Amino acid sequence: MSNGNLVEIRDLHVDFPNPQGFTPAVRGISFSMGREKLGIVGESGSGKSVTGRALMRLLPEAARVRAGALRFDGTDILAASERQMRGLRGGRIGLIMQDPKYSLNPVMTVGAQIAEAWRAHNKGSKREARDAALTLLEQVKIRDPGRVLDSYPHEVSGGMGQRVMIAMMLAPNPDLLIADEPTSALDASVQAEILKLIEDLVSARGMGLMLISHDLPLVGRFCDRVVVMYAGQVMEELPARDLHRAQHAYTRGLLDCMPSLSQKRDRLPVLTRDAAWLEKRA
Amino acid sequence: MSETPMIEAAGLDVHFGSNHVVRDIAFQVAPGETYGLVGESGSGKSTVLRTIAGLVTGWDGTLRVAGQQLGPRRDRAFFRRVQMVFQDPYGSLHPRQTVDRILAEPLEVHGIEGAEARIARALEEVALPRAARFRYPHQLSGGQRQRVAIARALIADPSVLLLDEPTSALDVSVQAEVLNLLADLRVARQLTCILVSHNLAVIGHLCGRLAVMQHGRIVEELTEAQLRAGEAQHPHTRDLIALSHELEG
Numbered sequence: 067m068s069n070g071n072l073v074e075i076r077d078l079h080v081d082f083p084n085p086q087g088f089t090p091a092v093r094g095i096s097f098s099m100g101r102e103k104l105g106i107v108g109e110s111g112s113g114k115s116v117t118g119r120a121l122m123r124l125l126p127e128a129a130r131v132r133a134g135a136l137r138f139d140g141t142d143i144l145a146a147s148e149r150q151m152r153g154l155r156g157g158r159i160g161l162i163m164q165d166p167k168y169s170l171n172p173v174m175t176v177g178a179q180i181a182e183a184w185r186a187h188n189k190g191s192k193r194e195a196r197d198a199a200l201t202l203l204e205q206v207k208i209r210d211p212g213r214v215l216d217s218y219p220h221e222v223s224g225g226m227g228q229r230v231m232i233a234m235m236l237a238p239n240p241d242l243l244i245a246d247e248p249t250s251a252l253d254a255s256v257q258a259e260i261l262k263l264i265e266d267l268v269s270a271r272g273m274g275l276m277l278i279s280h281d282l283p284l285v286g287r288f289c290d291r292v293v294v295m296y297a298g299q300v301m302e303e304l305p306a307r308d309l310h311r312a313q314h315a316y317t318r319g320l321l322d323c324m325p326s327l328s329q330k331r332d333r334l335p336v337l338t339r340d341a342a343w344l345e346k347r348a
Numbered sequence: 197m198s199e200t201p202m203i204e205a206a207g208l209d210v211h212f213g214s215n216h217v218v219r220d221i222a223f224q225v226a227p228g229e230t231y232g233l234v235g236e237s238g239s240g241k242s243t244v245l246r247t248i249a250g251l252v253t254g255w256d257g258t259l260r261v262a263g264q265q266l267g268p269r270r271d272r273a274f275f276r277r278v279q280m281v282f283q284d285p286y287g288s289l290h291p292r293q294t295v296d297r298i299l300a301e302p303l304e305v306h307g308i309e310g311a312e313a314r315i316a317r318a319l320e321e322v323a324l325p326r327a328a329r330f331r332y333p334h335q336l337s338g339g340q341r342q343r344v345a346i347a348r349a350l351i352a353d354p355s356v357l358l359l360d361e362p363t364s365a366l367d368v369s370v371q372a373e374v375l376n377l378l379a380d381l382r383v384a385r386q387l388t389c390i391l392v393s394h395n396l397a398v399i400g401h402l403c404g405r406l407a408v409m410q411h412g413r414i415v416e417e418l419t420e421a422q423l424r425a426g427e428a429q430h431p432h433t434r435d436l437i438a439l440s441h442e443l444e445g
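Order-wise, the sequence lines are chains X and F.
When the first sequence is numbered by this note's numbering, its final residue is 348 and no position is left out of the sequence of numbers.
When the second sequence is numbered by this note's numbering, its final residue is 445 and no position is left out of the sequence of numbers.
For reference, chain X alone in the conformation it holds in the complex (with noise of 0.2 angstroms):
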């Protein structure tokens, strides 16, 4: 049964194993999501990430997933069939990593990977998915697609390949897109027109949008809400707009860390970690 959320997610603990046991990379969280724009914030080893694969069942095996609830629209990700899994993976949710160069394949062309992606959840000849691919780079605001089409990612830029990245999961014209740091690689103008380019296109399709990233002033930004996650847990769950009168002081300390251009500091306030944010929270 699906209540309108798109994405429910309550409890969720994640384990990975070491030689003592198991290290907990999220511990115990709950948020759901509609057809909006969700940042998901926090530093390196927050747990960002691990919870968005968690959602694509995408970790390996011998990571331990718990939850209370883990579903897409209605599906319990723990209890859906590889085949099932299949389906969501790339069909009904896209994945969109940090950096091109590694997520697509350099020894096919751009217009075979993306063709490869549409045919793979959709039916039709060789000739309409490269139509379709065409007609993708067109929407992902390539200005040449011809020549895109046939060139191999080691030919394109860092930008375009992230424009290429997300005509692939675009194809299967998913319900979710998660994007997990998708302009770190990136110029800064560059970042800004991928961001734009998928705000367009998530709100032109109605399609639910995940961001997961470090940098919270971008995060708040291009999304509707904002969970702020620190050592597996989440800090603090607010509206985007309302970012500026955050109240948890590792919200505050993210704000407050970076180097401004308007606003000259000597110092840049380092954040002080409160033993207390690691406590079980309810």
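Just so you know, the hints here were simulated from the structure itself, not pulled from any lab data.
Given the structure is predicted, the values throughout are model-derived calculations rather than measurements.
Mixed in with the good hints, there may be bad ones.
[Claimed, not checked] Restraint-style ranges between C-beta atoms, simulated for each label pair:
#	chain 1	residue 1	chain 2	residue 2	range
1	X	ALA315	F	GLU312	37 to 45 angstroms
2	X	PRO85	F	GLU312	27 to 35 angstroms
3	X	PRO85	F	PRO227	46 to 54 angstroms
C-beta: ideal position from N, C-alpha, C; glycine also.
Place chain F on chain X using the hints.
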């Protein structure tokens, strides 16, 4: 500038095969100054830094460090005087050497005595715990690794530090710590620095003057005050400044 510049480039050109990646660059950095090079990927900013460090062959023009003309090959004294910190601490530290070994190597190369005390002091200077000394890079966090890279650069007492995107692979919280550390060290050690970054806010935080690069050329030189006041002439600089303000939100 009345005193001799610590670093001076004039008519610097770099070719990679038929690609002309740095075109007729000129700038001067005074002793103790931190100079910023900002631009997008492919603008040639890192190549300028690597050319100064002696990592690039096939350049033309004039490069001087502390008044001495640099040739295609550098002597050992040069490598003691000029050190570099790279963007990715995962890639720039030897994965199978302990921190102790990593820090001992520059001392051996330059025949510097008293390794024991120097290594201990270097770790303290970059605020690494003593326990880190006999760990391997993979046992450290990204921020700690970058501290090791900075300690390695400083252990042979250089006077020039070349910083290539030293914080862009780090979390914003760790970036703040590393930027503060660099700010402290350059005062304590009287370092002359060149900082390469695509992030104008980071450049503005550490640098008194900066050059904006595009397509291998310096399109504009600004002071920090001009940068903050938005007094840029070149359209590319204005675009970068507008974008930086936009992302700050």
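Please list, smallest to largest, the hint numbers that this structure does not respect. Per hint list: zero violations.
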